[in-house]
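There are 2 protein chains.
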Amino acid sequence: MQLNASQREQFDREGYLFFPSLFTSGEIKILTDEVPALYAQRRPENVREKSGDAVRTNFAAHLYSYPYAKLARHPRMVKPVEQLFGEPVYMHQFKINGKMAFDGDVWQWHQDYGTWKNDDLMPEARAMNVAIFLDEVNEFNGPLMFIPGSHTLGVLEAEHDLTTTSYPLWTINHDTIRKLVARGGIVAPKGPAGSMILFHGCLVHASTSNLSPWNRVSVYLSLCAVSNHIRRFKRPGYIAHRDFTPIECLPDDCLLKHYDVALPWKDRFNEPLREAS
Amino acid sequence: MQLNASQREQFDREGYLFFPSLFTSGEIKILTDEVPALYAQRRPENVREKSGDAVRTNFAAHLYSYPYAKLARHPRMVKPVEQLFGEPVYMHQFKINGKMAFDGDVWQWHQDYGTWKNDDLMPEARAMNVAIFLDEVNEFNGPLMFIPGSHTLGVLEAEHDLTTTSYPLWTINHDTIRKLVARGGIVAPKGPAGSMILFHGCLVHASTSNLSPWNRVSVYLSLCAVSNHIRRFKRPGYIAHRDFTPIECLPDDCLLKHYDVALPWKDRFNEPLREAS
Numbered sequence: 681m682q683l684n685a686s687q688r689e690q691f692d693r694e695g696y697l698f699f700p701s702l703f704t705s706g707e708i709k710i711l712t713d714e715v716p717a718l719y720a721q722r723r724p725e726n727v728r729e730k731s732g733d734a735v736r737t738n739f740a741a742h743l744y745s746y747p748y749a750k751l752a753r754h755p756r757m758v759k760p761v762e763q764l765f766g767e768p769v770y771m772h773q774f775k776i777n778g779k780m781a782f783d784g785d786v787w788q789w790h791q792d793y794g795t796w797k798n799d800d801l802m803p804e805a806r807a808m809n810v811a812i813f814l815d816e817v818n819e820f821n822g823p824l825m826f827i828p829g830s831h832t833l834g835v836l837e838a839e840h841d842l843t844t845t846s847y848p849l850w851t852i853n854h855d856t857i858r859k860l861v862a863r864g865g866i867v868a869p870k871g872p873a874g875s876m877i878l879f880h881g882c883l884v885h886a887s888t889s890n891l892s893p894w895n896r897v898s899v900y901l902s903l904c905a906v907s908n909h910i911r912r913f914k915r916p917g918y919i920a921h922r923d924f925t926p927i928e929c930l931p932d933d934c935l936l937k938h939y940d941v942a943l944p945w946k947d948r949f950n951e952p953l954r955e956a957s
Numbered sequence: 681m682q683l684n685a686s687q688r689e690q691f692d693r694e695g696y697l698f699f700p701s702l703f704t705s706g707e708i709k710i711l712t713d714e715v716p717a718l719y720a721q722r723r724p725e726n727v728r729e730k731s732g733d734a735v736r737t738n739f740a741a742h743l744y745s746y747p748y749a750k751l752a753r754h755p756r757m758v759k760p761v762e763q764l765f766g767e768p769v770y771m772h773q774f775k776i777n778g779k780m781a782f783d784g785d786v787w788q789w790h791q792d793y794g795t796w797k798n799d800d801l802m803p804e805a806r807a808m809n810v811a812i813f814l815d816e817v818n819e820f821n822g823p824l825m826f827i828p829g830s831h832t833l834g835v836l837e838a839e840h841d842l843t844t845t846s847y848p849l850w851t852i853n854h855d856t857i858r859k860l861v862a863r864g865g866i867v868a869p870k871g872p873a874g875s876m877i878l879f880h881g882c883l884v885h886a887s888t889s890n891l892s893p894w895n896r897v898s899v900y901l902s903l904c905a906v907s908n909h910i911r912r913f914k915r916p917g918y919i920a921h922r923d924f925t926p927i928e929c930l931p932d933d934c935l936l937k938h939y940d941v942a943l944p945w946k947d948r949f950n951e952p953l954r955e956a957s
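Chains as they are written, first to last, in our numbering: chain A, 681 to 957; chain B, 681 to 957.
Here chain A stands alone, though its shape is the one from the complex:
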């Protein structure tokens, strides 16, 4: 899978690319079938919603779940990012965000690179966000919203919001959002399970709460150019990874066939966790 000139130009202008139905329903089922067991685990990698027990986000499943370990090496996802950066990439962050039916809470307006820069000392915004829909995303289940073109302004001033949701976030103030939206509007890509979005680390995004009876589970991961690896290990290793080994892709059929992959944190669940607090 290679991006053509028009896609590369669109990415530069808008800050994102949308690939509806990039993965088949058979491939997605392999992934969704694992979610309940992952979310049921009591481990620091599961961050729950303020309102109760629903999982807001699960970290680093690619290190302890076989199907996600294969997804993390999928060429349909990794190759276009390598192409855009012109070098190999490593996995900086890997999340399965719940946005569960009825309980899924908002993610306030933010840029991801702000956090990577401030907390992790990542030198440049050369890490790509990837969203893969494990459920259909529609107008009612809290789709990801982007402000097109907002990535071109670099890192914007942000405030650390520790109270709105269960997960602290560097959020962008209302006046800035007003100006960015007046300039670029808002878009919310919607589509079937298996769709994928690539978006720039500086693209301003948010998502609203999910009041619908439909889960909106998505994999969000960040692929960082290897030369651009983080310089500080302030956040736990399951949030900001410290293994900068270039990803070696599996074949295109990897979700459906068996391939050997390492699962280094498979038994970590039962061990004392240094980083749990």
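Careful: at least some of the hints might be erroneous.
If several chains are the same, the list does not tell them apart, and a pair holds so long as it fits within one copy or across any two.
[Stated by the list, open to error] Below 27 Å or equal to it, Euclidean Cα-Cα: the simulated DSS-like pairs (lysine-lysine) are:
hint, residue 1, residue 2
1, K709, K870
2, K797, K946
3, K859, K870
4, K775, K937
5, K709, K859
6, K859, K730
Note that these hints are calculated values from the structure, not bench results.
Bear in mind that the values here come from a model prediction, so they are computed numbers and not experimental data.
Dock chain B against chain A, hints included.
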């Protein structure tokens, strides 16, 4: 303005009717220009959001604001409701809901008639909800969501939710919502300022939070058939009105021309309010 047979049939089947751009932008401006001064008042009729100072809902403006007193007697709104009920109506409740940019919080899934029955002892579901858009409603500013056909099941079991938002609400449980949505889906009418929705007192509805930089202020009012007036005065009079006088409509141009209307609560702001607690 009279409903035709097809509209009446649609209302019976779906539980709502949508009238895009029923009021002109000139008429709506008369109303929106009043909102900042109304929301600035410190009076019990203004209920603010949990998160801060933004107004979640303002009650009974038709009793102390001249443009809203005229809106409350507007034939384009009142006549179709009289037609559906076959008798005169009175104003049971009158709200200007903020759903303000960035701060507008959710309204959980609920039926209005559940509250009217339980708290106000309103005999039948013969009170009509009316929503009039003072701002454009789009997919990003928390549109009202309906489950079509859910009104046909009458009053559903509900639980009193006192914690989710700043306004207590009888809300419907998740299992019931799942079943209703499987049967009827979800719709969210969107359109320009000046659009109007009529919806049944038993129609299950909700709205999500507004993360966009666009206010989504709407007038929500309830017109009750006079013979069906409430029997108990448990809630404050500014929430559930106790004056059952049939509404006498003004002419169709009433928002743009001068007509004399009573404003009985105009000076109430400066008086001790028995019902404030």
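State the violated hints by number, sorted upward, taking the hints as numbered earlier in the document.
2
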